[in-house]
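Protein chains in written order, with numbering that gives the first Met the number 0: chain A, 0 to 429; chain B, 0 to 148.
Treat the hints as calculated values from the structure; they're not laboratory data. Treat the hints with care, as some may be off.
Incomplete in silico selection of chain B near chain A, CB under 10 Å [as the list claims (entries may be wrong)]:
| id | residue |
| --- | --- |
| 1 | Arg5 |
| 2 | Gly16 |
| 3 | Cys39 |
| 4 | Arg42 |
| 5 | Cys64 |
| 6 | Ala65 |
| 7 | Ser67 |
| 8 | Glu85 |
| 9 | His117 |
| 10 | Tyr119 |
| 11 | Arg122 |
Residues from chain A that face chain B, not an exhaustive set, calculated with beta carbons under 7 Å [as the list claims (entries may be wrong)]:
| id | residue |
| --- | --- |
| 12 | Val166 |
| 13 | His366 |
| 14 | His368 |
| 15 | Asp369 |
| 16 | Arg376 |
| 17 | Ala380 |
| 18 | Gly384 |
| 19 | His385 |
| 20 | Ala399 |
Listed next, with one range per pair, are the computed distances between beta-carbon atoms [as the list claims (entries may be wrong)]:
| id | chain 1 | residue 1 | chain 2 | residue 2 | range |
| --- | --- | --- | --- | --- | --- |
| 21 | B | Gly22 | A | Glu268 | 51 to 59 Å |
| 22 | B | Arg87 | A | Gly185 | 48 to 56 Å |
| 23 | B | Gly22 | A | Arg346 | 53 to 61 Å |
| 24 | A | Ala419 | B | Ile79 | 36 to 44 Å |
| 25 | A | Arg186 | B | Pro37 | 35 to 43 Å |
| 26 | A | Gly299 | B | Asp103 | 50 to 58 Å |
| 27 | A | Gly185 | B | Gly22 | 44 to 52 Å |
| 28 | A | Gly94 | B | Val101 | 49 to 57 Å |
| 29 | B | Gly100 | A | Thr287 | 32 to 40 Å |
We put the beta carbon where it would ideally sit given N, CA and C, even for glycine.
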Amino acid sequence: MTGVQTGSVTSLGLADGQVGGNDVADFNIERVCQNFPILREKVYGKQLVYLDSAATSQKPQGVIDAMSRFLLKKNANVHRGVHHLAERATEAYEGARVKAQRFLNAEHANEIVFVRGATEAINLVAQSYGKKHVGEEDEVLITAMEHHSNIVPWQMLCEQKNARLRVAPINDNGELLLDEFERLIGRKTKLVAVTHVSNVLGTINPIRHIVEMAHARGARVLVDGAQAVPHLKIDVQALGCDFYVFSGHKMYGPTGIGVLYGRSELLEEMPPYQGGGDMILSVSFEKTVYNVPPYKFEAGTPNMAGAVGLGAAIDFLAGLEHEALAAHEKEVLAYGTRMLSAVPGLRLVGTAHAKASVLSFVLDGVHPHDIGTILDREGVAIRTGHHCAQPLMSRLDIPATARASLGCYNTRQDIDALVAGLDQVRELFQ
Amino acid sequence: MFEDLRDLYQEVILDRGRKPHHGRRLETFDAQAKGDNPMCGDRVTVFLRRDDGRVQELGFEARGCAISVASADLMADAVIGHTPDEIRAMAESFVDMARTGVSDDAALETLRPLAGVHDYPSRVKCATLPWAALQAALDGAAEGVATSE
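Could you put together the complete structure from these sequences and hints?
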């Protein structure tokens, strides 16, 4: 999108029956913020300024209410009972699956597997698809900007199978070197695993292009969408990827629930990940017949309230007109980039051309932890450290960064509070 | 506006964090160990030289915040001239002081500026990390991990 839109018409409609109503209103940041009760909290007597949404986002009232309603009115085990509550619970749980399908524009609802989060989804693909298809001397290709959750499961697989993990490099701005990337995809490459948006750098990777390069050489592609789903409109069919994974809690939903999208024909031929109830058609001590996808991959009683909460989070995002939300987030990111760049001694880490709501930085003479502690006393919550991306930190030759990350509820005022806090950091550490 | 924060970031901590007196690898040493804080990726490597059953010299290389660097530097001052047993006792008292904010151990006098971390639970490990590395060095281990509080 281009430029800044104001006064776009949008519906703030959230989950059915949510507090705040389903009326149509202008894109109005105050109204968006009103949906997040926690933003009214004070810390150390100061107004909370939450700039840590890339770690976990806050939850709108509609999500809180939907989960509470499920537990108050519908709770029973899914897919099992003949009684009425079990039907209500199953309907709510499967309803959330259909919402996730539409959210990703997946072709079929049975391409949506509920998991604990993006981490579990990647482990599932590594240990199911990977174990079957990656053999000795085969290769798995990842990138230098991956989160530990998109590194370690592949390392484990490669160790088990005597396969090779290869890493596509980035430039100093935090962008993939696509020529190098292409060269690294060879006939031994079975899988390419790449993040859609970097949690440290904010870089938005050109997934369609990557998928085309990988598919041209017969490799499958897994996309880690954990940081992308709260900001970008996702269409897995247009992206063409084979697997897409995300966590609920980074997109205004609850923790402990996430989605693995996999193309039907891949899920069908993949072996189960865990054994247990719900993933079977019949069990005898001699032989077990596995259920069909997605149930084949959902052993045990699932996180039902979590799935319902995720469904409500999808409704919340759908209620924010996407173009207006994207324009708002782009504007705050641009403002933040400008304001932080003007702070003496501050260097932004991650300056990709295509970038989403992350502002990582280092400040001369002050370690990020000290920045984080001082900002915290001003009520400003940021993340500091290696952000579960130690290989990326090594590549950038820095031990850690301070990271302010933005959600739909952040404003220019939040950036101003951050910059004012940084003035105090500089004064203390002058 | 810094009154609160000054309990944590006292002058001596800011000074030592910026310009530690012992922040170097020793030319000759007979034990070394590193301390890693897996939560944040901070690392302190401690080098020590012993003679006559006492630590004669201690140097360190740190990649960390002001608290961890200052703590390593003040630790070096405090332990030089002491026996491993005395140092282990000091380490125990120090960890206790970092968690509670108080200590009646006279041996910790010069380390008292670090007591302020007890108000910042996420930062206690920053202060205790160098001590974990030092204990590992005394035990002949390659590394120590800051204990969780």
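Against the structure, the hints:
no.: 1; hint: Arg5; verdict: holds, 8 Å
no.: 2; hint: Gly16; verdict: holds, 8 Å
no.: 3; hint: Cys39; verdict: holds, 4 Å
no.: 4; hint: Arg42; verdict: holds, 8 Å
no.: 5; hint: Cys64; verdict: holds, 4 Å
no.: 6; hint: Ala65; verdict: holds, 5 Å
no.: 7; hint: Ser67; verdict: holds, 8 Å
no.: 8; hint: Glu85; verdict: violated, 30 Å
no.: 9; hint: His117; verdict: violated, 13 Å
no.: 10; hint: Tyr119; verdict: holds, 6 Å
no.: 11; hint: Arg122; verdict: holds, 6 Å
no.: 12; hint: Val166; verdict: violated, 19 Å
no.: 13; hint: His366; verdict: holds, 4 Å
no.: 14; hint: His368; verdict: holds, 4 Å
no.: 15; hint: Asp369; verdict: holds, 5 Å
no.: 16; hint: Arg376; verdict: holds, 6 Å
no.: 17; hint: Ala380; verdict: violated, 12 Å
no.: 18; hint: Gly384; verdict: holds, 4 Å
no.: 19; hint: His385; verdict: holds, 4 Å
no.: 20; hint: Ala399; verdict: holds, 6 Å
no.: 21; hint: B:Gly22 <-> A:Glu268: 51 to 59 Å; verdict: holds, 58 Å
no.: 22; hint: B:Arg87 <-> A:Gly185: 48 to 56 Å; verdict: holds, 55 Å
no.: 23; hint: B:Gly22 <-> A:Arg346: 53 to 61 Å; verdict: violated, 23 Å
no.: 24; hint: A:Ala419 <-> B:Ile79: 36 to 44 Å; verdict: holds, 42 Å
no.: 25; hint: A:Arg186 <-> B:Pro37: 35 to 43 Å; verdict: holds, 38 Å
no.: 26; hint: A:Gly299 <-> B:Asp103: 50 to 58 Å; verdict: holds, 52 Å
no.: 27; hint: A:Gly185 <-> B:Gly22: 44 to 52 Å; verdict: holds, 46 Å
no.: 28; hint: A:Gly94 <-> B:Val101: 49 to 57 Å; verdict: holds, 56 Å
no.: 29; hint: B:Gly100 <-> A:Thr287: 32 to 40 Å; verdict: violated, 58 Å
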